[in-house]
Amino acid sequence: MAMEKIARKIPASLWGRASEKLIDITLNSSNASKMPSDIAKTILYYWQRDQLATEVGLQRLLEASMIMEPDKAITLMEELGLPEIVVMLKETKR
Amino acid sequence: MVEFGIEFVPRDLYWKTTFYAIQAEKIGFDYLWITDHFNNRNVYVSLAIASAYTERIRFGPGVTNPYLVHPMVTAQAVATLNEIAPDRVVCGLGAGDRTTLQMVNLEQRKPLQTIRECVKIIREITAGKSVAMQGKIFKITGVKLNFKMATPIPVFIGAQGPKMLALAAEIGDGVLINASHPEDVKNAMKFIHKGLEKADKRLDDLTVSVYTSFSVASSYDKALKAVVPVVAYIVAGSPDIILERHKISVEVARMIREAIVHGRWKEAFSHVNANMVEAFSICGTPETCVDKIHKLLKVGINQMVSGSPIGPNMRKSINMIAAEVFPHFKELIGEEKND
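Protein sequences, first through last, are from chains U and L. Mind the numbering: the first sequence is residues 1 to 94 in my numbering, read in order. Mind the numbering: the second sequence is residues 1 to 339 in my numbering, read in order.
The shape of chain L in the complex, shown without the other chains (with noise of 0.2 angstroms):
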């Protein structure tokens, strides 16, 4: 069984996104990820809304950083939105996007530590405990809510390179793989075994979901134009070593950081090439990202989820996916999906 998910970065005016995310439900996605950054609207305002003009989509930030907010801060909000919207939510976590975080000058020091205390800090608070911690990161002396939840939340970690990925694995219900491309996926799996078998767990413990830059137009050349500034955003945050097994240069990569840190978007653009497409995207016809996806699949994810920024033309883009995209999934997803 594998499940769709979506992805909307909250940039465009509040009824839109919600507008969205009501059609990504009618069509059958199961997960709305909505992303936290500074400089878009904020996530869990825009959850709040999507929440009550949906009725089954799961949903949750996709994904919220301990660098910006702090855990019991995402504790809170994760849990108020379990009230509004029981059994539904989900809490993405992950260290940060390093070019954004380096905008307001916070340096993303010892990820893996800070990700370990803070999956812990928000599992303890939302499981209705008073925490109390001295981490390596976060210092907390006897802290809870005055209000209790009714289900847990899942939570997912988001994850690029080997060690985040076996630490999301190990200590993670989910595991969001920030890639696009299935020699990533495959490589990414190897260290999700790692994680789980440190943890004595399954990977049927586990859900193991694809996080991709997506987009799909009608033809190739308006996917790649909406494409673009995401992938020149990924480039830029990617690590080395991924870089390097996609044959693109450290050095480009990091024009392109400089040149998004200081707002020259048009330079940062400029250096996107269609190697780094194909690298991090799913981009194209519905016919290519069909293609894509089944290459995905047979890797062994149970999630697959469309990120930003799903097509030049969101509602048409969402329908392209209804009409020309789930029909090829039929068998491994639910009924619903196919009426």
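Extracted from the complex, chain U is given alone in its bound form (with noise of 0.2 angstroms):
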């Protein structure tokens, strides 16, 4: 719920670029193997459909980016202007 909360804050004119840097961050994970396997199963099921960079992708690529590399899922969306998420997102790892 919280996650579906912060990925509505995300401007539409920045899902594109968000989408392509946290499929990076996911794919090129050194913690890669944390992914569950309902959040990989959704993401592909996006993919496939093209809709990574929607509201929903990306909500499943930041739940997955946050288990796999959470510094570098806010230092994405500090580098994107968003500093309310960045706050959301901290709080979600307390």
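Derived by calculation from the structure, the hints in this document are not laboratory data. Any given hint could be a false lead.
Over 12 angstroms on every C-beta distance to chain U, these chain L residues come out as not near it, computed from the model [what the hints assert, rightly or not]: (1) Lys16; (2) Val73; (3) Arg88; (4) Gln134; (5) Glu244; (6) Lys247; (7) Arg254; (8) Phe269; (9) Asn313.
Keeping only pairs whose Cα atoms sit at most 30 angstroms apart, straight-line, the calculated DSSO-like set for lysine-lysine is [to be verified]: (10) U:Lys5 to L:Lys16; (11) L:Lys201 to L:Lys129; (12) L:Lys330 to L:Lys186; (13) U:Lys34 to L:Lys129; (14) L:Lys298 to L:Lys316; (15) L:Lys148 to L:Lys190; (16) L:Lys222 to U:Lys72; (17) L:Lys16 to U:Lys90; (18) U:Lys9 to L:Lys110; (19) L:Lys316 to L:Lys266; (20) U:Lys41 to U:Lys9; (21) U:Lys41 to L:Lys129; (22) U:Lys72 to L:Lys16.
Since the structure is predicted, the reported quantities are computational estimates derived from the model, not experimental observations. Cβ coordinates follow ideal geometry from the N, Cα and C atoms, glycine included.
Assemble the dimeric complex from its two separately framed chains, guided by the hints.
Here it is in structure tokens:
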């Protein structure tokens, strides 16, 4: 629920960039084995349907990134100029 | 018309391989080949999940071998896949990699006879027939699948040496020429023609594929780093006749093989030189790769397989193929690749 709320706050103009970067974070993570199978399968489902750069796709990518590479995910949101999301993501880490 | 294939080694987590399979389909690859090595993830499990997330791309083991997997089991596996994705399954077979077989104390005995019998078994089993065979290698007494196949499965045979190339052309629906150098492919075509002649087949009856080791990156050095381990394996498994053609020392190849068998990877890879990379891979920037693919296509093949490692970063390299390689072959491939 928290991640759904966070994903909704990403402006549509940044969906493409955010999605691309989050995909890289997940695929290149050295913690890739931590990816929960249900999230992996949902990401594949959205990827097949070109829906990773949407609210629902971003939600799943954020969930995966926060499990595998939380610091990188937060840094990305900083780089995208989304301070409110940075705060929210840090909250989920606690 | 030329088709493009891509090969993945399922050493990555299943969801990564599947992600790349979806990506490969999206950019227009026609075939997905997944390798069968006992030390990686299982080929059929990997193919099954990839097939569930793709719609069009044809796929199969690339390649399995009858020394480790009995042809009856291979037939069962591809027949089951064919239920999941009718008309999309192909079966890639080969005599196995002698270095890998050596690791489990298996001898690559009578490879030609073994492949001939193996193809016969797979063909008949997947055609729903009961097979009774008293072959020189396989002895089977009246076995059949308990389920029916809707469509036939083309059998592709991986080959490198002259006799296996001829056999592949004679009995296969497709041949996967294990080569990356135009001279090797040109040479292979001579034996393919011999095999076709023996079976009274025409070249049009056969899909001639070149199964390359491929590495594309923004710089040669980046591409090189990724391809060296694969080239080491190829050198280790190549017949002497092919090594000699490329002026590669048979003794060095033996040293690489020994090092691999005993897990001394660093030592094995340290023997790989530029000559070996040139002989056994397509490696470099997109421009370099395009140039080499053009040379291969001129020989007369109709499927070009980009095999492992693809590049130092799989996702980036597949995107690079889409943006900077495929557009150079617009006139040879289907429209969808250019959209």
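Problem set entry | Structure-inconsistent hints, enumerated in ascending order | Those not satisfied are hints 1, 9, 13, 15, 18 and 21.
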